[in-house]
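Peer 1: The lines below spell out each chain.
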Amino acid sequence: MFSEWKFTTKDIAEKPDLFLSGHRACAGCGPATVLRLIMKATRGPTIVTNATGCMEVVSSIYPYTSWATPWVHTAFENAAANASGIEAALKIMRKKGKIKQEQVDVIAFAGDGGTYDIGIQALSGAVERGHDFLFVLYDNEAYMNTGIQRSGGTPLGASTTTSPAGTVIPGKLEHKKPIADIMVAHDMPYVATASPYYWRDLLVKVRRGIEVNGPAFLHVFAPCPRGWRSDPAKSIELSRLAVETCIFPLWEAVNGEYQLSTPSKVMALSPQKKKPAKEYLEVQGRFRHLFTPKYEKMLAEIQRITDERWNRLLKRCGMVQPAKTA
Amino acid sequence: MKTVVKQEMLALNGDEAVAYAAKQPDVDVVAAYPVTPQTIIVEKFSEYVANGEVETEFVCTESEHSAMTACLTASVTGARTFTATSAPGLALMHEMLFVTSGCRAPVVMAVANRALSAPLNIHCDHSDTMAERDSGWIQLYAENAQEAYDLIIQGFKIAESQEVLLPVMVGLDGFTLTHTLENVQVLSDEVVRKFVGSHQIPKVVTHEGKIVPFKLDPDNPMSMGPIALPNYYFEFKRQQEEAMRNALKRISQVNEEFEVISGRRYGNGLLELYQVEDADVAIVCLGSTTGTVRTVVDELREEGVKAGVLKIRAFRPLPVEGIVEALKKVKAVAVMDRSMSFGGGGGAVFHEVRHALYDLTPHPNVVNYIYGLGGRDTSPTQIRQIFEDLQRMIQAKRVGELVRYVGLRG
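Chains as they are written, first to last, in this note's numbering: chain V, 1 to 326; chain F, 1001 to 1410.
Chain F extracted, bound-state conformation (with noise of 0.2 Å):
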């Protein structure tokens, strides 16, 4: 694990970083609406077009619906697309998301975390996104403005492998991450550049036989997102799912790919394990959340308690065989999720983990910890108090309440 290129090291925050890669893998056309806290993607990115330091068409659309639609059409018209939003713009874009996935069309986009109102709030927390969850995208989570930096440039070369073809979103949490100015190191444009590649259309075979490109071609004309009915439907949906468990494999292969040129890897590129080999309790959580559970973890081993962090860095697809491999052992779980799924009992990452686990004999405790909506704050101590509440389960040999709620009121 050697650095290979020479890097650059910016202040940046994760806005920032996240417009920074957008403008180095040579990007067709970026359509975007500006929304908080995602505004410094397309403010940066509109600097970059003015000064000329990107040959990209930037089109400032009415409204996210319409950002969304003009990536998918542009994508399939042959360029390689780029957006940004977050919570308002992503529910806005709701319908496009599943028209774009089921166009095949690989769109990047970075999603600022953000609550949903009502009430209004402008803050983290993972509403936007797990609401997405079964709209065909990929979804990555970053924990900080160098995963940020790391994922949007991984993202071109994984959304856009012919395995795959599937819109890939970067969640990065709202401030914290977006707002917060931190070291980024930085690869040369033309390093970038040679990694992603040049922008491959899927070639396609028509039915007379002839192998053409997959996009809208005046010499090769084909119909794009046409009208399927019931005999036909399905079979889309299928192949989504295929192209889904491809992309497992494919995020996996760009972790390493990305490790070559920067030296930076993050676990198997779908999660990243830290002290959970060993552990007898383990968090499992996504987003910038991780680094404090991190800081913890090390406090607590200091202290002869065996614990350790489970990060999902892929949450869609779901590496569902790395999370049973990584708990396997661990005696009790706590899951933490930064948004709820009102009425289902627990939110999004814990059914799934809990999911995961159902098939194993025996398997770990596993409860659910409902944490930092709207941009409340998690401290340490807190999560400290999570790990000691798995201890008490281990003793008590009792599981309690199933979802629980961390620095809540009342």
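Only chain V is shown next, with the shape it has when bound in the complex (with noise of 0.2 Å):
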């Protein structure tokens, strides 16, 4: 189904870059790490269409472009539409001769609130249609573009803007929208996640979502400095625990056929490798509330629903679900 892609860390560094540096991403900035990851894994002409958002903004500022391939922008809840368009007209136009590359890719780049909030009715209808893209979620858990607001991305307990941490709410009360298994559930050809601190595996997994004749989803973890409160040199740490921590599992699903990728599948054959929630939690600004005595109830909560979620995935990848939990 999929080609076997063969690189080395050189080929990887030496390919010319597609998203250029140059734009206004904050200093850690995970999306900015993410897209420039990316844009190394097209395998010819791509075309990349954004969500407003972020990494639209800061890399599309008039009369400058970070993009060194073509690339569109139309509005926030869209992504999964430009794509639409733009794959459907080069469909037509290389049938009638009018364009004259053989293959040209489409991306989609979207936000956690361009794709699980307004952008997921486009992105659903899209995927049901049936178009050949990648969707690529980028998610930082929150709107940092307008200024830290809650998604239905962002994690239980998390202080937003909108959903601050006071004397009787302990932020976010609502569990982060499980948005690849909604995704699965379209029964599409391809759907991973991925995290750039597992850099090989985030490009294989882009490859093969462009290689997979239909939609494609992939969505990516990319830590916020400025909305996570971390460390902005931390952010590819952030990338690691996540996974380490079982918060963020890695996992591919080819036809609906879930499968663990091998960052994740070390922590289902050795749990005691699996690291408590709380140790990402407590090195980011936004969670800072939950190790009072106060909130400490939600702590447990995260972790429980972490491992509930955990144990789900287990089952779906046909793993066999570990008697104890961490």
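Don't read these hints as lab results, they were simulated from the structure. Take every hint as true, because none was put in to throw you off.
Straight line, CA to CA, 25 Å or less: simulated SDA-like cross-link-like pairs of lysine to any residue: (1) F:Lys1329 / F:Thr1292; (2) V:Lys98 / F:Arg1193; (3) V:Lys95 / F:Ser1188; (4) V:Lys91 / F:Asn1220; (5) V:Lys100 / F:Asp1219; (6) V:Lys234 / V:Pro276; (7) F:Lys1331 / F:Glu1303; (8) V:Lys15 / V:Lys100; (9) V:Lys98 / F:Asn1220; (10) V:Lys95 / F:Lys1044; (11) V:Lys91 / V:Glu128; (12) V:Lys91 / F:Lys1044; (13) V:Lys96 / F:Pro1213; (14) V:Lys95 / F:Pro1218; (15) V:Lys297 / V:Arg312; (16) V:Lys275 / V:Met319.
Distance ranges between label pairs, derived from CB positions: (17) F:Lys1210 / V:Leu173: 53 to 59 Å; (18) V:Lys315 / F:Lys1210: 52 to 58 Å; (19) V:Glu102 / F:Phe1342: 53 to 59 Å; (20) F:Glu1242 / V:Phe291: 56 to 62 Å; (21) V:Leu173 / F:Ala1118: 32 to 38 Å; (22) V:Asp11 / F:Lys1203: 34 to 40 Å; (23) F:Pro1202 / V:Gly44: 25 to 31 Å; (24) V:Arg24 / F:Val1260: 49 to 55 Å; (25) F:Arg1404 / V:Ile182: 50 to 56 Å; (26) V:Phe291 / F:His1094: 44 to 50 Å; (27) V:Arg24 / F:Ile1211: 28 to 34 Å; (28) F:His1094 / V:Ile182: 24 to 30 Å.
For every residue, glycine included, the Cβ atom is placed at its ideal position computed from N, Cα and C.
If you follow the hints, you should be able to join the two separate chains into one complex; please do so.
Peer 2: In structure tokens form, the structure reads like this:
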């Protein structure tokens, strides 16, 4: 189904960037790192479209651009509809001989707001129609571009400007929507999760998402030091911790068949390696309030939901459920 | 004025006429969502696709927002695109209408004019398109199914003109036109294709001085739809206004060129005057009502009343000079609005026509008639009453109520 794409670190380092430096992203920006890496995994001519959001704003301030590939932005809620129009145009114009390229790939980037919330209708529609494109969700878990407001992708207990930790409410009271599972339920050919710490895994998944015929969905973990109140130097470390705590497990579902990716498979096979959620939470200011006696119940709840979701994933992947959780 | 090519007479309703026009000029992508009373357009077009009568990628989207989005991005990828919608759909597209015109994407769209909720109503008025008058789209209104057919074909040519590059919406009155069977003269596919021409992608100069096509082209990467801060945004908008001015001329030219192949012309393309030249009293209107007014004008002329009707075909861009020229000798004018501008003291057409006449000394007395909301019928008798009101106004030398309502209870 997929080509055997072999690459060395040197290959990737030497491959010209399509997402160029000079953009206005913050120091330690997870999404900017994710975009640069993803554009290293393209296989040929690629048209990129962006939902409104941090990555669109930092990369396209007129008259400058960070994009060395055709790129278009139109609005916030419609990245998948953008891709639908581009793909439909390419398909028919190729058929009529109006474009010369044999193959032009289409990638749509959207943040969590543009995917979980305002963008889910366009995304669901585009996937149902079967357009051949890769949709990348760079998930920094809140509306960071507008100043850290909560989204459907914001995790339980996180303090944001619209779910602030107050004297009676401990941050966001709702769980993070299982967006990748929702996409698997569309019976689409390829869904995967990835983290920039495991960059080889990320690149392979991007290439698979591009190669697959029809729609592909890639959910990429993307820390935001500003919004998470974390050290800008620790973004990649956080990307590892999220996987090691099983808060953000890595998996792929090919034609609906779930399979754990190696970094998470290690946790499944050796449950003692699974770190407590606390280790991930305590290095982020957005969870600071949970480390007070008043809100410690919320901390326990986060661990409980993490374990519950992890165990559910293990079942889906046909892995033996560990007897004891961390 | 002679028909240079053979045409076929078909019995089509307005929606069918629009679909027929959209299948002729080699449209690459149609992205649309069904909504009453536009549904027949997308149904007919789906049939053309299913029967292999068109080489078009039909994207049946999950919403009008996505339909307009997909048309926009297909257009900037280099495709000729078409869509159709109606009131709630147009309202849902609202955000994307501005993005499409701002991106200078020459999308052509038919709008089956319909009332906006609440209360829910599927019948004709112009609230939907009037609410989008500042969206940067060219707005043309059809009087009958024949004109709807002709306008769609002309629309592609106008929109894609290099000096224009603006999207075009063609309004046709819901049910009155969309669902009423008429005799429609259709041109052959070959003639239409030749008339519209192949989709020409404009050329732009890059910062490196290279001349490249203005589209998403892997050989010449370009960023489209960027963010422009206060130091640049304003200039983008001023350029759109320039394009609108160019459109005034282009709409007229295309009207002339269309006459050569079809034998049909509509005034100067922007306005159509009927018995206005020596009129004492005139009605200004747009859309299907014009036909009713024409009939009444004929009757009144027989009775010796100097009545006339000015049909606005292009509401955006508005041919201000043409309106002034047409109405400068008229003594009393009634502007008919099939939508309301709540709290604004009259409808949109009234505001604009009255504003156009401001510099005339003396200027005609201008009053507003709001009519036909939610599909309420407007009869020849009511039109006759409007003309009688205008005559009384002249005799009494008194304007009276500026805004009046036609056929309203109470």
